[in-house]
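Novice: These protein sequence lines map, in sequence, to chains V and A.
Letter 83 of the first sequence, counting from 1, is numbered 77 in the numbering used here, and no numbers are missing.
If you count the second sequence from 1, you need to add 778 to reach the numbering used here.
Just so you know, these hints were derived from the structure itself, not from any lab.
C-beta: ideal position from N, C-alpha, C; glycine also.
Treat the hints with caution; some may be incorrect.
[Said to hold, decoys possible] Listing some non-contacts, in silico: residues in chain A with all C-beta distances to chain V over 10 Å:
| id | residue |
| --- | --- |
| 1 | Asp785 |
| 2 | Pro786 |
| 3 | Glu793 |
| 4 | Arg838 |
| 5 | Asp861 |
| 6 | Thr880 |
[As the list claims (entries may be wrong)] Among the chain V residues that face chain A by a calculated CB cut under 8 Å, a handful are:
| id | residue |
| --- | --- |
| 7 | Gly34 |
| 8 | Gly36 |
| 9 | Glu96 |
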Amino acid sequence: DAGITQSPRHKVTETGTPVTLRCHQTENHRYMYWYRQDPGHGLRLIHYSYGVKDTDKGEVSDGYSVSRSKTEDFLLTLESATSSQTSVYFCAISERLASHNEQFFGPGTRLTVL
Amino acid sequence: SQQGEEDPQALSIQEGENATMNCSYKTSINNLQWYRQNSGRGLVHLILIRSNEREKHSGRLRVTLDTSKKSSSLLITASRAADTASYFCATDRTSGSARQLTFGSGTQLTVLP
Chain V
-5 DAGITQSPRH KVTETGTPVT LRCHQTENHR YMYWYRQDPG HGLRLIHYSY GVKDTDKGEV
55 SDGYSVSRSK TEDFLLTLES ATSSQTSVYF CAISERLASH NEQFFGPGTR LTVL
Chain A
779 SQQGEEDPQA LSIQEGENAT MNCSYKTSIN NLQWYRQNSG RGLVHLILIR SNEREKHSGR
839 LRVTLDTSKK SSSLLITASR AADTASYFCA TDRTSGSARQ LTFGSGTQLT VLP
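So that you can see chain A by itself, here it is in the shape it has in the complex (with noise of 0.2 Å):
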């Protein structure tokens, strides 16, 4: 079953505002990462979260944590064209006796010039 939830599941935005996207997840969490996927390519790491922060910046990119919600966000402030892409969250948490990454279903985001 699904870990990460993201929300909405699509976006639309003018350059230059920001977008904010959602997840919320189930089980407790060792850390959570955000990526990116432009059409018709693999995903790319974007910024990772561990279970004991709450706030974590990177460039234009803003995660918070909430571990007692079960929730993260993602914010892209300034938003440029270039950003369209879809974006997940992922959950890394122990399931047995390994790690693993538990993906949602991702937000698709678009940027209109």
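Chain V with its partners taken away, still in its complex shape (with noise of 0.2 Å):
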């Protein structure tokens, strides 16, 4: 999974609790996204980060925040937990050469709220 490992790979949580998600580069990659999965909707961009402490919102922001200190560290926060944020949640990098955007995936996050 090229260089992208994320923690934790399980984890079940109640309503309204925090939870953090973290993901963790070796490639030095500028840039890092966090990406839900669900059935039937495929992968929805929550946030992503074009650099240290530079992060901007995706398609499903609502209840996740997120932030980057370091280069090789990207974190997902969701503040007060729903069930509705139950999903897989999927890491990526890139780094976004001239006309290239390919990028790069963690083996992802399976998240359980009840």
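Need the complex rebuilt from these two chains, each delivered in its own frame; the hints are there to steer you.
Specialist: Here it is in structure tokens:
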């Protein structure tokens, strides 16, 4: 999985609790992304980062926040988890040279909110 | 909203046959990419075709792009059981000040031995 790790890989939590997912890369790529994957929806972009401390919202950002204090780490936080946030979360990275935007994906985190 | 939509949603073929998956999209793109996802794993990039290209090959993969119809197809020739996976198209487009990938909902390909 191209030098990308995600932790935890599985998590079960209760509604209303805060949850933080971590993405760590060893590729020194500038761009990092958080997606969620749900049946019938493919992958949807939550937030992305284009550098340290530089982040922006994606298609489904409500209820999520992110932080990037180092090039290698991108954190996704659910401030107060809801059952609708039960999903598989994928982190991705890209170097985004010129006309390319090939992304490399982590193994995913399966989150269940009860 | 979904930028790319794959068709069919599911496809089952015999080993050795060719598999064709289609992707339609709505707005102008910089390029279109195809990814593969094995069950329980992350996505893996397969091939990228730029908006000024019409066809591209990579091993047993052939991708076409018709920007006038806003559609692309992925052909896998001489399929193998190991090709069983979900396949996603992703459109690379400029949205505001950033370029983003927008994924379709995927085609589940099953190759029977």
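Novice: If we take the beta carbon of threonine 880 of chain A, is the closest beta carbon in chain V still more than 10 Å away?
Specialist: violated (7 Å)
Novice: Taking the least C-beta to C-beta distance, is glutamate 96 of chain V closer than 8 Å to chain A?
Specialist: The hint holds - glutamate 96 of chain V has a Cβ within 8 Å of chain A, the shortest such distance being about 5 Å.
Novice: Measuring Cβ to Cβ, find out whether arginine 838 of chain A lies farther than 10 Å from everything in chain V.
Specialist: holds (19 Å)
Novice: So is glutamate 793 of chain A really clear of chain V, every C-beta pair being over 10 Å apart?
Specialist: About 27 Å separates glutamate 793 of chain A from the closest Cβ of chain V, which puts it past 10 Å; holds.
Novice: Confirm or reject: aspartate 861 of chain A is not an interface residue toward chain V, with every Cβ-Cβ distance exceeding 10 Å.
Specialist: Given that every Cβ of chain V is farther than 10 Å from that of aspartate 861 of chain A, nearest at about 19 Å, it holds.
Novice: So is aspartate 785 of chain A really clear of chain V, every C-beta pair being over 10 Å apart?
Specialist: Correct as stated: the minimum Cβ-Cβ distance to chain V is 13 Å, above 10 Å.
Novice: If you take the shortest Cβ to Cβ gap from glycine 34 of chain V to chain A, is it below 8 Å?
Specialist: holds (6 Å)
Novice: For proline 786 of chain A, is the shortest CB-to-CB distance to chain V above 10 Å, so the non-interface label stands?
Specialist: holds (14 Å)
Novice: Does glycine 36 of chain V pass the interface check with chain A, least Cβ-Cβ distance below 8 Å?
Specialist: At about 4 Å, which falls below the 8 Å cut-off, the nearest Cβ of chain A leaves the hint on glycine 36 of chain V intact, so it holds.
Checked against the numbered hints above, the structure violates only hint 6.
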